[in-house]
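Asks: Chain residues, written in single-letter form:
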Amino acid sequence: ETGVTQSPTHLIKTRGQQVTLRCSSQSGHNTVSWYQQALGQGPQFIFQYYREEENGRGNFPPRFSGLQFPNYSSELNVNALELDDSALYLCASRTPHAGSGANVLTFGAGSRLTVL
Amino acid sequence: RKEVEQDPGPFNVPEGATVAFNCTYSNSASQSFFWYRQDCRKEPKLLMSVYSSGNEDGRFTAQLNRASQYISLLIRDSKLSDSATYLCVVITSYDKVIFGPGTSLSVIP
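Chains U and W, in that order, give the protein sequences. At position 97 of the first sequence the residue is numbered 97 (our numbering), and the sequence of numbers has no breaks. At position 53 of the second sequence the residue is numbered 53 (our numbering), and the sequence of numbers has no breaks.
It is worth saying that the hints were derived from the structure and are not from the lab. Beta carbons: idealized from backbone N, C-alpha and C, even for Gly. Be careful, since some hints might not be right.
[Claimed, not checked] Restricting the straight-line Cα-Cα distance to at most 20 Å, the calculated cross-link-like pairs of lysine to aspartate or glutamate (DMTMM-like) are: (1) W:LYS96 with U:GLU52; (2) W:LYS42 with W:ASP82; (3) W:LYS96 with W:GLU5; (4) U:LYS13 with U:GLU75; (5) W:LYS45 with W:GLU56; (6) W:LYS96 with U:GLU54; (7) W:LYS42 with U:ASP85; (8) W:LYS96 with U:GLU53; (9) U:LYS13 with U:GLU82; (10) W:LYS45 with W:ASP82; (11) W:LYS79 with W:GLU15; (12) W:LYS79 with W:ASP39.
[Said to hold, decoys possible] Under 8 Å between C-beta atoms, here's a sample of chain W residues computed to sit facing chain U: (13) PHE34; (14) PRO101; (15) GLY102.
[As the list claims (entries may be wrong)] Pair ranges (Cβ atoms, derived): (16) W:GLN31 with U:GLU82: 30 to 36 Å; (17) W:CYS40 with U:LYS13: 22 to 28 Å; (18) U:ASN55 with W:ARG41: 29 to 35 Å; (19) U:SER73 with W:ARG41: 22 to 28 Å; (20) U:SER73 with W:GLU5: 31 to 37 Å; (21) U:LYS13 with W:TYR94: 28 to 34 Å; (22) U:GLN17 with W:GLU5: 32 to 38 Å; (23) W:ALA20 with U:SER65: 38 to 44 Å; (24) U:ARG15 with W:GLY54: 46 to 52 Å; (25) W:ASN65 with U:THR114: 36 to 42 Å; (26) U:SER65 with W:ASN65: 34 to 40 Å.
Throw the hints in and build the complete structure from the sequences for me.
Replies: As C-alpha cells, then:
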C-alpha cells in the first residue's frame, strides 16, 4: 500500500471527449505530480502541484489541466481527447526518503486510458 | 538529444549473472538521481537513490559520476524476480522530474 490511490483504474473514451482522472494521497503530502506513460516508454512529466498551485509543467498542451484540493486529492483533466492520449496516467506524491532525505516519488497504480 | 538516455535493451541474462545498466543525463545542474523498477503493467517503484559516493543495497549497487553526467546500476547474482524495466530518474535544479525511457531486463532460468 503506497498511500496514493487513483481512479478509475481503466477507462475507454472516444476522440473529442473529455476525461477526469483522480488521485488521492496521504495527509501532509503537499506535492503531487502527474505523468503520462505510453506503451514501451518511460513516464513523461505533465505537471506538478504544490499547495493547490501549479508549480511546474512539462511539454503538454493546455488541454491537459489539473487541480489540487485542500484534502490532498487532485485531478487531471484532458479535453478534446486524441488517439495518442491513450496511455497509463500516473499520479505521484513527493515524500522524504528515509535514507537520503531527498524527496522521492511514490506512485499510485495508475489509470489506463484508451481513446478509440 | 534526450534529457535522460538509457541503454536501449532488452537485456536477456541467465540466473546468477551480473548485469549493468547505464544512464546519461544532459542537465549539469541536476540535483537528485534515482533508479526505479517497473513491473509489467504496474506503477514504478523506487529501487534506490544514487549518490556520488556510490551506494549498495544487497545485490544492487548504484553509482553517480557528476563530471561525466553518468549513472549506473549493477545487479549481481540475478534472480528471476529481477525481471522488470529499470528506469533512471533525474530531478533538475528546477525540480523537474525526468524519466529515462527504461531498460528491460529478462532473467532466464
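Asks: Cβ-Cβ distance between GLN31 of chain W and GLU82 of chain U: within 30 to 36 Å?
Replies: holds, 34 Å
Asks: Can we keep the PHE34 of chain W interface hint, with Cβ of chain U closer than 8 Å?
Replies: Hint holds; PHE34 of chain W Cβ to chain U Cβ min 6 Å, cut 8 Å.
Asks: Given the hinted pair LYS96 of chain W and GLU54 of chain U, is their alpha-carbon gap at most 20 Å?
Replies: holds, 12 Å
Asks: A range of 32 to 38 Å was offered for this pair. Does it hold for the Cβ distance of GLN17 of chain U and GLU5 of chain W?
Replies: 35 Å Cβ-Cβ, so the 32 to 38 Å window holds.
Asks: Hinted pair, alpha-carbon criterion (20 Å max): LYS13 of chain U, GLU75 of chain U. Please report holds or violated.
Replies: Holds, because 17 Å separates the two Cα atoms, which is no more than 20 Å.
Asks: Mind checking the CB of PRO101 of chain W against every CB in chain U and telling me if the closest is under 8 Å?
Replies: holds, 5 Å
Asks: Against the 20 Å threshold, does the CA-CA distance of LYS42 of chain W and ASP85 of chain U hold or violate the hint?
Replies: holds, 19 Å
Asks: Is 28 to 34 Å a correct range for the gap between the Cβ atoms of LYS13 of chain U and TYR94 of chain W?
Replies: This hint holds: roughly 33 Å between Cβ atoms.
Asks: Below or equal to 20 Å on CA atoms is what counts here, so check LYS96 of chain W against GLU52 of chain U.
Replies: Between LYS96 of chain W and GLU52 of chain U the Cα gap is close to 17 Å, so the pair holds against 20 Å.
Asks: Are LYS45 of chain W and ASP82 of chain W close enough, with their CA atoms no more than 20 Å apart?
Replies: The hint holds at about 13 Å.
Asks: With 8 Å as the cut and Cβ atoms as the points, is GLY102 of chain W at the interface with chain U?
Replies: holds, 5 Å
Asks: Tell me if the beta carbons of ASN65 of chain W and THR114 of chain U are separated by a distance inside 36 to 42 Å.
Replies: At 41 Å between Cβs, range holds.
In terms of the numbered hints stated before, the structure departs from none.
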